[in-house]
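J.: What follows is the residue order along each chain.
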Amino acid sequence: MNNKLKLVVLFVLSFALTILDTSFFSFVMIKEAQIISTYLVLVIFAIKADNRFFEFSTFCAVMFSVFSSLPVWLILVNFCLLPSLFYYFRQKFLPEPSVFSSFLYFVSAAFFFELFLLIYVDQLDAYGATIMGSFVLINAIAGSLIYLLQKHYQKLIRKPEIKL
Amino acid sequence: MKRNNLIILSSIIIFLLIFLPMFSKKLRTHAFGFTTGMQEFLSSTGIRSNRTFHFFFAVSDIKKQNEELSKKITELQVDSSKISELEYENMLLKKELGFAEANKDLDMIPARIIGRDPISFLDYVIVDKGKDDGVSEKDAVVSNGALIGQVKEAFSKTSKITLITSKNSTILAMFQNSRAQGILRGGLSGLVLEDIAQDFDLKIGSNIITSGLEGEISQGILIGRAGLLKSSSADLFKAISVEPAVDLSKLEVVFIRK
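The listed protein sequences correspond, in order, to chains A and B. The numbering used here numbers the first residue of the first sequence as 91 and each following residue consecutively. The numbering used here numbers the first residue of the second sequence as 51 and each following residue consecutively.
Do not rely on the hints blindly, as some may be mistaken.
[Claimed, not checked] Here are the simulated distance ranges between beta carbons:
(1) B:K181 / A:D140: 35 to 43 angstroms
(2) A:L227 / B:D251: 41 to 49 angstroms
(3) B:E264 / A:F190: 52 to 60 angstroms
(4) A:S188 / B:Q231: 55 to 63 angstroms
(5) A:E122 / B:E187: 24 to 32 angstroms
(6) A:V102 / B:K75: 22 to 30 angstroms
(7) A:Q244 / B:E264: 51 to 59 angstroms
(8) B:L136 / A:V102: 54 to 62 angstroms
(9) A:E122 / B:N116: 18 to 26 angstroms
(10) A:Y178 / B:S268: 52 to 60 angstroms
(11) B:E125 / A:D215: 32 to 40 angstroms
The hints are simulated quantities; they were obtained by calculation from the structure and are not laboratory data. Ideal placement from N, C-alpha and C gives every residue a C-beta, glycine not left out.
Taking the hints into account, I'd like the entire structure generated from these sequences.
T.: Take a look at the structure:
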């Protein structure tokens, strides 16, 4: 796949995920928390240390600026700065993430994402903590599942290549 | 981090910070217009999934709710007969005084919720009616006769509504009986009516309605019922929690009041 086509694919992916968050996951609330699929896929890009991570992160930030009411600074923190830190840690300290360590990545990624949101809505209290708990749990489970599925299908795709 | 990546990232950040706020309205109009169909399909699927998911968790509560509702129905039937009498009396009095029917000329635009903010606790919803249908910014939005929000942005085919529970929502409201006025603010932990003068006696369960002082929202729209007192006697003003009349998490169709 050439570079331009890859960029188009990433753009479409970020667009599709944002629409999915806006119109589907925002209606499926579990214990007052929702899945943010765009962010989870972005964390997967960071965990995999994908060389297209920064482009995808940028597309996600642009999509959220259009479709969300979050202020631009918060979008930049949550969709550019925070995942970039995970990308950095992954490259420096954890070359091969296991299932457990990837779960920890998702837990901490969801924790910080929600923490900044709670700071923005000024809700750092007991009620905010309960929302934080369910948000972290739901998103860490969902993120790990997506990550495992992605790994599984990647293996399936690569298998025939090895045989050849 | 590669130098190229840093350049891309920083240039996009500069672009976002400088240019996006300038073009956001136009960009959003096109983006929401382009995605209306997709959002309608996905939101209806999301609502159905949510209903199925919650049904399994709610079975144990349904029996209890059923008993409570049966009791309420009996009470409401009694109230209803009283209201019919009062309505008749009211109509006669209005005729005598020459008043026009208050809500006769109100335009109501029915709209379906097709999306929410990706961060759902920001409490913004997107509806499938916009400027082309006569919606304008700051219009009041009601559901089952109760206020649920206000139009924040009106695009050509869609509109963004700030729910009353949003952190960014402030509405001038008052107690229906005592006419004690205050400012209704939203937040993650619920609605609070603040800045009420200390000399008013606040009754739990009283109706809270719009005061109409801000101009865009007319007076007398039901918002909810007064809950627990949130302030102490030492505070300068009183504050009380408000239970919304409508469950805002289950909204599907709303009406925009012109």
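J.: Which of the stated hints cannot be reconciled with the structure, identified by number in ascending sequence?
T.: As far as the earlier hints go, not one is violated by this structure.
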